[in-house]
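Listed below are the residues making up each chain.
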Amino acid sequence: MAKRPRKPELLFEGSDWDFDMLQRTTEAIEEIALQDLGLNVYTNQIEIISSEQMLDAYSSIGMPLMYRHWSFGKHFLHHERLYRKGMRGLAYEIVINSNPCISYCMEENTMALQALVIAHAAFGHNHFFKNNHLFLQWTDADGVLDYLSYARGFIAQCEERHGVDEVEAILDSAHALMPNGVFRRRRPPRLSLREEEERRLERIRAEEEAVHYLWDTLPRRGAGSVAADRERLERKREMHLPEENILYFLEHYSPILRPWQREIIRIVRNIGQYFYPQKQTKLMNEGCACFVHYYIMNELHRSGRINDGAMLEVLHNHSNVLTQPDFDDPRYGGINPYALGFAMMQDIRRICEEPGEEDIEWFPDIAGCGDWRRVLKDAWANYRDESFIQQFLSPTVMRHFKMFSLVDDASKPFYAVSHIHDERGFRELRDSLAREYDVAVADTDIQVVDVDLLGDRWLKLRSVKRNGVPLEPADRDATLLHLRRLWGYKVEIEEISEGASLAS
Amino acid sequence: MAHFVDRRLNPKDKSLGNRRRFLKRVRAQVKKAVNETVNKRRVADVDRGESVSIPADGISEPSFHYAREGGRRERVFTGNKDYRAGDRIDKPRSGGGGRGRQGAAEGEGEDDFLFVLSRDEFLDIFFEDLELPDLIKRSLKEIKTTRTQRAGFTVTGSPANISVKRTMSNALGRRLALNRPSEREVRDLREQIFALEKVSRPTKKQREELKRLHDELETMLRRQRVIGYIDPLDVRYNYFVQKPEPNAKAVMFCLMDVSASMGEREKELAKRFFVLLHLFLSRRYDKIELVFIRHTHDASEVDEDTFFYSRETGGTVVSTALVEMKKIVDQRYPASEWNIYAAQASDGENFSGDSARCADLLLSQLMPLCQYFAYIEIVDEEEARLINSEANGMELWRAYRGVAAKLGNFAMKRIARPADIYPVFRELFARRSEGAENG
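Chains as they are written, first to last, in our numbering: chain R, 1 to 504; chain C, 1 to 439.
Think of the hints as simulated: they come from the structure by calculation, not from any bench. Ideal Cβ positions, reconstructed from N, Cα and C, are used throughout, including at glycine. There could be a bad hint or two in this list.
Claimed, not checked - Listed next, the in silico SDA-like pairs over lysine to any residue satisfying Cα-Cα at most 20 Å (straight line):
hint, chain 1, residue 1, chain 2, residue 2
1, C, K31, C, D330
2, R, K412, C, R72
3, R, K377, R, H69
4, C, K14, R, H69
5, R, K377, R, Q346
6, C, K14, R, R84
7, R, K402, C, R72
Claimed, not checked - Every beta carbon over 12 Å from chain R, so not counted as near; a handful from chain C, in silico:
hint, residue
8, R8
9, N18
10, F22
11, E61
12, E74
13, V76
14, D87
15, F113
16, T167
17, A171
18, D303
19, M367
20, D420
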């Protein structure tokens with residue numbers, strides 16, 4: 001698409017890199033990304049870091065600024081040991097969903113690898129962050145760094161005022177409930193940092209002024225059964241019960257927490273919410289980045305801007321990351337999201353350009369349309385893993401991966417092969433795989449259903465078993481202890497089967 | 001438009017704080033692991049960093065999640081070979097196997113958590129109940145000590161280090177060489193001019209003389225201006241270098257009573273005592289050899305494992321160990337080449353009558369060769385409370401007290417807890433400042 005004629009001039013040779021080379025290469029990559037692929041990206045900020053710093057970044061869930069907590073130290077020690085023993089390499093890059101989009105590249109990477117990494121992270125992931133509807137809806141790329149720095153400062157301040165141990169206890173408990181601290185359906189309001197701070201102060205003021213009825217221990221009315229029932233319903237309505245966001249509920253209604261503790265819970269909840277879209281788009285995000293780097297590197301090679309040696313190194317790394325071992329291979333660890341995402345996106349391009357009969361039957365609206373760029377960009381913007389698989393997983397890819405599904409029923413002494421990659425199984429396999437990627441199925445379904453506020457303040461939760469799968473008992477009890485610490489009174493969880501009556 | 005930031009020079013160890021927090025949290029478990037390591041390791045190897053494994057229960061991060069067993073679940077796999085829909089695969093009998101690999105992500109599962117402590121962290125924990133003063137902890141952790149030493153002169157330096165003598169003599173030499181007129185010459189000339197100017201009616205000759213003198217004075221003054229009294233070229237500074245403390249060879253003798261009365265606890269305490277002395281020596285000497293001598297009624301040189309772990313029966317004759325040590329010193333470690341240190345641990349029992357011989361051996365033969373001799377008597381905690389006087393004690397203790405009274409480099413102490421060990425060495429550590437002559 002690039003109109004400007006240019007003489008093929010190598011961007012770099014050999015494996016050493018310097019900043020001029022990086023700049024030149026990034027410009028070449030950018031040209032293809034923006035003009036050929038038509039990507040829409042945040043401004044890039046590419047930071048070169050050492051392996052030690054990469055380990056640091058690893059341990060604080062990839063975020064550049066994070067508050068202090070022992071669990072990050074634990075992860076650091078864990079990664080460090082694996083790395084020092086040579087059991088595991090480090091990631092070549094980490095990219096952060098922020099504006100400007102920050103990517104970290106390791107200094108040890110060769111120049112070819114740097115080019116690959118920049119194409120992958122600074123353009124592939126970056127485009128996905130900026131365009132996918134989940135990220136647009138749930139995360140605030142402009143404000144995330146400010147918010148993290150606010151969070152870090154606030155928690156450090158709390159540690160000074162209230163002691164490290166006390167803050168740590170709250171964080172431990174809040175972390176345990178982090179997966180249950182996201183709104184899955186409701187979209188959170190977008191706030192700037194200042195609004196956030198103002199709202200916090202306002203909340204504290206309001207809470208101090210008005211004594212909430214939770215604290216009011218005087219019985220007001222007699223316990224007439226009808227009246228009590230009505231009152232209970234009214235109260236539940238007022239507290240928006242049932243509530244699936246347990247951290248949100250605790251932040252607002254826990255009878256024992258002090259204002260700063262509520263704020264810490266809020267911080268943990270917000271960070272959890274920030275990562276929620278990442279969980280739902282792992283496959284697409286990586287697939288998009290791999291597709292982009294593969295296309296760009298091939299373009300650079302085709303136009304003579306990188307030599308064969310560099311291209312071979314790129315391909316070597318590319319195929320290392322995109323290996324999909326078979327289920328009976330000792331390296332098998334589930335389906336590799338890089339491999340499947342990339343394969344699906346390459347397949348979409350194939351369907352658009354040269355569809356077979358099967359493809360015309362399966363994908364009548366895109367088969368042979370030729371404009372694969374539009375189709376892919378539309379997919380990147382409007383789908384998440386589950387719906388993407390549901391919509392675009394083609395028989396070709398299923399055959400290529402030789403997919404089959406197993407049913408494991410606890411009551412039977414065998415696994416049953418339910419579907420394989422044949423004419424009868426394609427649709428069921430696709431449904432089944434899509435369900436695996438559906439967070440609504442993979443995540444626990446736990447809700448706060450009732451609390452007898454005027455009585456014993458007994459917090460009641462309900463967990464819905466999916467397909468009869470219970471909660472892991474040891475972790476459930478440990479997590480309940482954390483919940484009890486934040487609630488202050490007795491906590492109980494009831495596990496019910498799917499489809500059981502939800503009336504309380 | 002991308003921009004690049006080079007972060008490589010940013011401070012490292014961003015997560016050091018988190019790491020410390022983690023270690024604090026698992027302090028108790030790590031301490032146990034470190035203690036086990038100390039017992040397991042060779043005396044000379046104790047201060048290496050250590051891979052520590054601690055049970056995961058204190059540091060698990062629980063959350064609500066579905067169990068891996070139970071209910072009905074369906075999963076998609078890749079790489080089908082010959083399965084067809086409807087095939088059945090028997091479940092493995094005893095859990096694990098088969099699909100077990102999918103479990104146990106990091107942080108979950110029952111496995112121990114394994115990580116590596118740095119040397120500093122390891123020593124911190126090792127020192128914990130030895131109750132060392134902080135200064136000594138720090139100096140033990142230092143790997144090398146250095147001393148400032150004069151190393152001639154240099155042309156650059158800080159004004160505080162200026163060498164006045166050298167600077168002035170340089171200046172003098174240069175003034176002589178360049179023939180700079182001295183103040184005295186100038187003064188003489190001025191006097192002559194003054195005298196001539198006083199003449200009310202100078203002759204022609206005198207006038208010419210005066211003019212000549214004036215010219216000469218001008219030349220002199222110009223020379224003085226051009227050739228400075230002190231030129232930056234003359235300035236010299238004292239130069240100092242950091243020289244590593246003179247390191248030499250040292251040999252450390254570990255003597256221990258291994259008769260049946262020395263139990264596990266006694267040996268563990270003794271080991272800490274030996275380790276601490278070794279740490280101290282390793283800071284001061286490049287090369288340290290360890291000699292282990294164990295004794296019952298008879299003494300022999302053994303390797304470290306035998307020293308700490310093998311059991312012997314028999315009576316106790318302490319002097320045999322001293323005789324053995326003397327023999328080894330004579331054979332292999334001439335006192336002119338080696339710094340000799342000795343550490344002896346015992347429970348205080350000795351064959352009656354032998355103690356006097358020990359004291360005699362020490363005074364006449366061993367102590368003249370040794371830099372330092374430390375003796376600990378390991379007692380029960382209750383016993384330690386009962387024996388409250390230094391003067392009381394068994395025969396060996398009383399005999400050694402005689403030696404200690406006569407010699408400054410003999411230290412002795414009763415020990416019931418790890419915290420008691422350090423005072424034995426207090427003097428040794430205190431002698432650091434004047435310790436150079438030992439090197």
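message = When the structure is checked against the list of hints, which entries are broken? Sort them ascending.
response = Hints 1, 3, 7, 8, 9, 10, 11, 12, 13, 14, 15 are the ones this structure does not satisfy, whereas the remaining hints hold.
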